[in-house]
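Protein sequences appear in the order of chains F and C. Sequential numbering from 1 applies to the first sequence in my numbering. Sequential numbering from 1 applies to the second sequence in my numbering.
Honestly, I wouldn't trust all of these hints.
[What the hints assert, rightly or not] Here are the simulated lysine to any residue pairs, SDA-like style, with alpha carbons at most 20 Å apart:
no.	chain 1	residue 1	chain 2	residue 2
1	F	K100	C	A337
2	C	K100	F	L384
3	C	K402	F	E88
For the record, the hints were derived by calculation from the structure and aren't laboratory data.
There are 2 protein chains.
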Amino acid sequence: MIRLNASEPGFSTAFDTLVNARRESDAHVARDVQVIVTAVREQGDAAVEAFTRKFDGHALNETGWRIEKSDCAVALKGLDPELRGALELARDRIAAYHEKQKPADSDTIDADGIRLGARWRAVDAAGVYVPGGRAAYPSSVLMNAIPAKVAGVERLVMVTPTPKGEINPLVLAAAELAGVDEVWRIGGAQAVAALAYGTGRIKPVDVVTGPGNAWVAEAKRQLYGVVGIDMVAGPSEIVVVADADNDPEWTAADLLSQAEHDPTSQSILFTDDAGFADAVAAAVDRQIGELATKDVARQSWDANGAIILVPDLPAACPLVDRLAPEHLELAVADPEALFAQVRHAGSVFLGRYTPEAVGDYVAGPNHVLPTGRRARFSSGLSVLDFMKRTSFLALDEAGLQKIGPAAVALAGAEGLPAHARSVALRLRR
Amino acid sequence: MIRLNASEPGFSTAFDTLVNARRESDAHVARDVQVIVTAVREQGDAAVEAFTRKFDGHALNETGWRIEKSDCAVALKGLDPELRGALELARDRIAAYHEKQKPADSDTIDADGIRLGARWRAVDAAGVYVPGGRAAYPSSVLMNAIPAKVAGVERLVMVTPTPKGEINPLVLAAAELAGVDEVWRIGGAQAVAALAYGTGRIKPVDVVTGPGNAWVAEAKRQLYGVVGIDMVAGPSEIVVVADADNDPEWTAADLLSQAEHDPTSQSILFTDDAGFADAVAAAVDRQIGELATKDVARQSWDANGAIILVPDLPAACPLVDRLAPEHLELAVADPEALFAQVRHAGSVFLGRYTPEAVGDYVAGPNHVLPTGRRARFSSGLSVLDFMKRTSFLALDEAGLQKIGPAAVALAGAEGLPAHARSVALRLRR
C-alpha cells in the first residue's frame, strides 16, 4: 500500500505512476490463446476435448459434454432455503433494473415526407462464461444471463469448466433461476472459441459475455468481431472517497471487498483527514488477518492499495476521473455534490449505507463493469449488449426529388459514379 | 458473379459457401500492424514521423503535423456552392437523426426505498479516421464527426493521411462543417496508435472511429480495450430483394453502387423472376463499361457478386438473415411485410425509391454499418458509441436492512468474507 498526499511535491508524478500501472496480462498469454483459438477453429470438438483434458483434468467423452437442464433443476431444489431466497431476491431485482434498459424503436416521418427509423432486436444466441471449480460465482450467472433473457435472447448458452469433473451446484441453481437454455462443462480460451466458431457439438453464438481469467479475457479480445463481446475485463477496482465521519472499520471492509478478489485487484481511499487515513490503514491490517481470503487480500493491498490524502474531497474528483474506476463509493453525507463532479466511473455507490458489495449481489444494477480505466469510454453490461439496432429509411418519389440531387452531387465529388447513377436514374423518370 | 437457384439441389451447400467466404485481411496484416502499434507506443512522434515518411511519402516536420482550423475554414469558403449546399443538407439531416439517439438518464426510488439509476456522459475526446489521398470521403467525416458532437464530445480529433503531402479540401470543408476541433495529417495504423496511446504532440483520445483500409481496421481491432472503437469494419455489402416490377437498370445501378467501392465488396440480388434476373445481369454488364470505376466494379462483381432465384420473395428472408448484410434494399410494393421477416441487417432501404446511396449521403441514418455478417450482433455507428453509462445506487439504513442480508448470504456462499463483512458491519449497528 502506498500513502500519497496531494499537497506534497512529487504527488503528480507518483499519482501518474499509480494511474498508468499495468496490472494486466502479458504477451505470452496472447500467444497461448492464439494457439488454442486456432486449434478450436480448425479441429472443433477434438481440440476442445484435448484442451479440457489438459487444463481441466477430465475427459469430456467420459464425464459428458453437457449438463442437462434437469440437473440444474435438481441443484435448485437441493439449495439451502436461505440461499435460494437470496438468489431469487437478486434475480427479481436485477431483472427489474434491466427491464428499464430496453430501448425503444423509432419510426417517424419528417417534414420532407421521408420515413426514418431504427428497430432493436435481440441477438439469436448468446454465450455466458462462468468460472468454475472451487470459486463458484452464482452472482455472475445472474448478472450475465438475466440481461440476455430480458433482451429476448432465445438461445442462452452457459459454459463453465468443471476441473477434475467437479460441478458446482450453486452455479447450476443460478443457471436454472436465470433461464439458461444450455450448459456445457467446458472453460478457458477453448470454451470461448467453441462459442464463437461453433464446433460439431456446439452451435455458435452471436455474443459472448462473462468474467474469466487472463486467458478467457484474451480469447474474448481476440475473437471480438467474430462475435460480439461485453468488454475486455481486467482486475477489479474500488475507489472510496470518505470523510472522517465514517466508521474506519466500514471503510476498511469496503477496501478489502475488492482486495480479496485477486492479487491484481486495486483498492484506493481518498480522504481529507490524516487521522481517518491512519485509522483505516490500521483497520485494514487488522481485518485482513481475520479473513479466509487473507493471502489474496494481503497481496493485493500491499502491491496495489493506496491511501491518498486530499486537501478537501472535491479535490479528489479530478483524480478519480483519471483513474476512471470500476466502482466508486462516495461515503459522505451529501454524495450528490461529489457525484456531479465525477465524469468517469463504472458504477457509483452513494452515501455511507451503500457498500459496493450490496451492488455486487442484490441491488439490481449490473456488476459486470469496465475496469482498467475503461470507464472513460465503456459502460457496464446491459440489455443493449444482447441487442442490435437496424436503421431504416423509406423515400417516395417526391422525397427522393428533394434530397436525391444532393446525394448525386456528393457521390460525384467522391468519385463514385455508380452511387450517383443509382439515385439519378430514379430522378429522371 | 454466380447464379444460384434456391429450388435446385446443391443450393444449400453453394449458399453456405457464399455465406462463409472470407473477404477479410490476413495474418500478415496483423503482424505488420503489431510492429507499427508497438513502435508508436514506445517511440511516439518519432515512430509516427518515420511511418508517415515511409507510407505517405512526406516528412511531417517539413509539411507540418497539423492542419489548422483556419485552413478548414478556407476550404469551406472555397467550396463550390452546390457541393456546399449538399454537405449542409447532409449535416442537418444527419444531426437531426442522431439527436433522437441521445439516451435518457434514469433515477428512480423503488418500493424498498432504494434509489437506482444510470447517468450517460460523453467521452472526453474522440478521434475520427478519414481516408485520404485521391479518394476523398467528406461524407465519412460527417457520419463520424456529427454523432460525436451530438453526444457532446468536447475534443474531436480528425486524422487523415496526405499522401505526398496532398491535402483534400473537400475533407477539410466537411471537418469544418461538422465541428472537428483538431486535424492531424497522419494515417494508417500509426495514426490509430497515436490516437490510442497519445504521443508527445498528440494527446490520446478515448474512442476511435472511422473507415480505413485493412491496416487501419486491424489497428483498431488490436487497440480495442486501450480505446473504444466503433467496430471491426470489413468490405462493403449490399443485398437487394426485388420483384419483376422493378426497372432492371435501377437494380443494376444499386448493385454496382457497392461493387465500385472495392474489389472485395459484395453485391447480391434475390429475385423471384428468372427473366428479371437475366435483365439485371445484362444491365450490370452494360453499366459497368460506362463507369469510371469499372475496374474495381468488375473485379468485385465477378468475384463476389451473386444473383439468387427464390421461389417467392418471403423465401429470401431467412437467407438474408444468414448473410446479415450491411445494406438491405427491399425493392417491392409492400416492403413492410418482408421487413417484418428479416432479423439481421445493418440498415434497410424500403421500397423502389430508396436506393442505398441516398442513405450513404444525405438521408440521416449513419452509413457506418456492421459488415461481414456482424449485423447479427452489432449496430451502425450512433451517438451511444461516443457516450458511456454510469450506474448508481443509494441505500439508507432501512434499505440495507431489507436487501443486505441476502448479499451477506451470497457473499458467504461465494467464499468472499470481506464482501460479506462490508455489508454485515452496517447491519449490526
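Now for the hints, and whether the structure bears them out:
1. K100(F) - A337(C): Since the Cα atoms of K100(F) and A337(C) sit roughly 29 Å apart, the hinted pair is violated (cutoff 20 Å).
2. K100(C) - L384(F): At roughly 17 Å apart (the allowed maximum being 20 Å), L384(F) and K100(C) satisfy the hint.
3. K402(C) - E88(F): holds (14 Å)
Of the numbered hints listed earlier, the single one contradicted by the structure is hint 1.
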